Amino acid sequence: LGRDKARLAAEDDDGMRDAGADVVTPSHLAVLRGASSFFERHGRWEAMARAQQQLLAINPRDLVARAKLIVAASHYDPELTAEQDALLPDVAGEENEGDIGDDVDADALEAAGG
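This note's numbering applies: residue 168 is where the sequence shown begins, and numbers increase by one.
By construction, these hints were calculated from the structure, which means they are not laboratory data.
The model shown is predicted, which means the values in this text are computed figures rather than measured ones.
Be aware that one or more of the hints could be misleading.
What the hints assert, rightly or not - Now the in silico label distances, taken between C-beta atoms and shown as ranges:
1. Val191 to Glu213: 37 to 45 Å
2. Glu246 to Val191: 35 to 43 Å
3. Glu277 to His209: 39 to 47 Å
4. Ala253 to Arg200: 17 to 25 Å
5. Asp274 to Gly201: 43 to 51 Å
6. Glu246 to Ala279: 17 to 25 Å
7. Thr192 to Val258: 42 to 50 Å
8. Ala234 to Val198: 17 to 25 Å
9. Leu276 to Ser241: 27 to 35 Å
10. Arg200 to Asp274: 24 to 32 Å
11. Asp272 to Gly210: 19 to 27 Å
12. Asp244 to Gly201: 17 to 25 Å
13. Asp272 to Leu247: 15 to 23 Å
14. Ala279 to Asp244: 41 to 49 Å
Ideal placement from N, C-alpha and C gives every residue a C-beta, glycine not left out.
Construct the complete structure from the given sequences, taking the supplied hints into account.
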């Protein structure tokens with residue numbers, strides 16, 4: 168009974184628990200991802216962002232969670248959006264200083280497309 172009270176105390180207004188409230192299980196991760204998708208479909212951007220922040224607290228390397236946090240935050244907090252965007256790795260990387268499409272032969276692509 169004491170554990171249930173502690174769990175209820177850790178819930179916020181969306182009924183989501185703090186990432187550190189219990190041991191993280193695959194089902195806990197699935198619930199957070201599902202909640203985030205629900206919040207996204209219904210335009211509840213701040214709740215979606217909280218779910219993504221909980222996922223990032225569990226795994227700071229989760230690029231999908233970080234990208235979704237950026238999407239959610241872009242609807243209400245430009246500073247958080249910029250802060251999280253700066254944490255994403257560069258797509259091209261240092262070894263590819265030029266544009267991504269530099270090695271693409273546009274004429275060959277158009278000819279192949281018919």
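Of all the hints numbered above, which does this structure not satisfy? Sort the numbers upward. 1, 2, 6, 7, 10, 11 and 13
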